[in-house]
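**Q** Here is how the chains run, residue by residue.
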Amino acid sequence: MRSRLGRLWSAYGMAGVLVALCVAFTWATWREESPAGAAGGAQLAEALGARIGQGGGLLVAPDDAEGRAFADGFARAAARLGALPPEATFGDPPAVRAAIERRVARGAAPRWVATTQAVRDWAVWGSLRSGTPELARLEVLAPKPVWRSTFLSTSNLRNVADQTAVIAIIAVGMTMVIITGGIDLAVGSLVALSAVAVAWLIRAAGGEGASAPAMLGASAAACALCGAVGAFSGSMVTRFAVPPFIATLAMMLVASGLAYIVAEGQSIYDIPVSFTWLGRGADLAGLPNAVALMIVLYLGAHVVMTRTAIGRRIYAVGGNAEAARLSGISVARTLLFVYVVSGLTAGVGGVITASQLKAGSPTYGMMLELYVIAAVVVGGTSLSGGEGRVFGTLIGAFVIAVIRNGMNLLDVEAYAQKVVLGLVILGAVLLDRWKRRRA
Amino acid sequence: MRRSPLLLALLLTAFAGCRGVPSAPPARPAGANASAPSKGVIGVSLLTLANPFFKEMGDAMQAEAAKRGYTVAIVSADMDAARQKDQVNDFIARKVAAIILCPADSRAVGTSIRAANQAGIPVFTADIACLDPEARVVSHIATDNFAGGKLAAQGMIEALRGKGKVAIIDHPEVESVLQRTKGFREGIAGTPGIQVVAQLPGGGMRDSAYKAAQDILEKHAQLDGIFAINDPSALGAAAAIEKAGRTGITVIGFDGQPEAKQAIREGRLYASAVQFPDRIGRMAVEAVARYMSGEKVPAETLIPTALYRKADAGKDPALK
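Chain order of the listed sequences is E and X. Mapped onto this note's numbering, the consecutive letters of the first sequence carry residue numbers 1299 to 1737. Mapped onto this note's numbering, the consecutive letters of the second sequence carry residue numbers 165 to 484.
Check each hint, because a few of them may be wrong.
Stated by the list, open to error - Partner residues are not named here, just some residues of chain X that face chain E (Cβ under 8 Å, in silico):
id, residue
1, R258
2, K259
3, I321
4, A463
5, T465
6, I467
7, P468
Think of the hints as simulated: they come from the structure by calculation, not from any bench. Being a predicted model, the structure only gives us computed values, none of them experimental. C-beta: ideal position from N, C-alpha, C; glycine also.
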């Protein structure tokens, strides 16, 4: 019994931590919130019922897609009830205030306002009530709130996945490097280099008018450049026996410097809007494209690590390089492979970052390598090499992203966030150590 | 099974450390502010909290918001545009009433602001402007950096009596800093006796500006003045000058932070173009509050600087 539980824990322990974190944040961000959009509008209209027909109402919504949907939903539900929907006003607080004051001036002061929760919370209503005697008893009505969790909302979960994507993708390469017993400190700088390179190439290929194939080519070239930097670090490690820490530390500085040189210290932003497809688009059933790419890369890496010869060689080299060499494995080629993959995944991370921010700047990726290494280690990969799983890393990346997101939702002070994050990483690794000793 | 209590304890400690989460299930909204009579949460992402300038701005925002019945949630972007994007997304997920940003990158912040625009959340910028023409910013509150740079130039001309070689330690990644160097260069352009012999990036921070200043001093045996784009850079430059044992170099900073004022009093710095981060913070929150109550707010509010010299330091009650 004990040993089976132990095995279960050692395989899924960090996943349990992730679930526990999600439950905790769901519970801590539980609050009342009105339904939005068309459903909110319909619900409010049904709640108001016959009152709509009695007049004296005004529909107020923000001038955006969701506000229009709210008004549409309200109008349709009112029509079903056989009532004429009230006049609608769209806009921001100053516009709404001006519109209502115009109505008051022509003697048509509304008695009630039907609106969304966000608009009901505007301070404009307080100042209208106290400043205009005709509006002193104005009622502002929003759809009945329901209990829900901000953390667990679809938009926030998508947000967390989106925030994880870049770190998780880079962590694919890092996991392989760490399994061989190495480390790659250059990935943060490579993100900057890749972002700057892709932005620079797109600018050179016509800036805002660049075509899709040109952008694709620029992205591939930026990734290839980072792969080449990875190959360079790898050959330093294999051919000249430079310790990986030193070799990649040097490349971290080189890549960062190159990024500043290419970008001339500025951010490059002459990029077509369509370039943000990768970083901001969500084409697959609401799944952000970057997250879809992340999933594909993880599936691929999982197959490589568990089903192919190169995957077995990576584990073998990390477990015991000498034994691997004696059994006929080319240690140098295996190491070169993992550093190239690490460079390539960092390049992909940089392209996504540039796409998300619609600009490439040499300041991107600062300290990112540390978060990536943290994700790998939290995911259960041993820094001494030889063991680790790519899906463990994915869980590790999510643990870090969830903690960060949860703390932002809970208003944790900026300084305290770093302390908590550091302690959680330490705690996760300690747990892992403890688990290994017992298992 | 014996392991899970420890795991839980660890998780709970992590939470208890960050906020007073009630230990009973939330009968009342745990969203903290839902039951308070707050008019809403203003999400604030500052450039960094490692610079006292932004700390002061954040504190002023907190105070002003409390006065006006709002709560602020302040996070630090740590000068990282990608992190700031994540923070804005978190604000959108929380459905804050309004967002105030000090952009970490004046261009890249555009995509985040547009996302907030789409979610119907008004965005204000403080200190650093957004340069993306498609992003809708309700109001921008900042120091008049260009005029401040000219003011610093006047101080330099006055200190050098219109003749000498000067260097600039800048930080060209930030739009407001570009305005300062532009103002400074324009300010000294009318005085042919003063030449700019070097302009090096100092990262806006004391340690990196120290190194930049060392390089400048190494290269220019004859140097009469350094204009540093902020006080940490100026203090770094002053430290480099002292370490090199050079004298007679006028250092002028920008910001007016307490430590720099002290250094001006001691004569280590000549002057600083004082900004008023507390006023920026206060006016940013005021703009949010006025906008939310339906008043029109100006698209841009520029706050002038003042040159702070030794004579001002002598009279400053805040210095001992």
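**Q** If a hint holds in the structure, say so; if it does not, say that too.
**A** Structure-based check of all given hints:
no., hint, result
1, R258, "6 Å, holds"
2, K259, "6 Å, holds"
3, I321, "28 Å, violated"
4, A463, "12 Å, violated"
5, T465, "16 Å, violated"
6, I467, "23 Å, violated"
7, P468, "27 Å, violated"
Of the numbered hints given earlier, the model fails hints 3, 4, 5, 6 and 7; all others are met.
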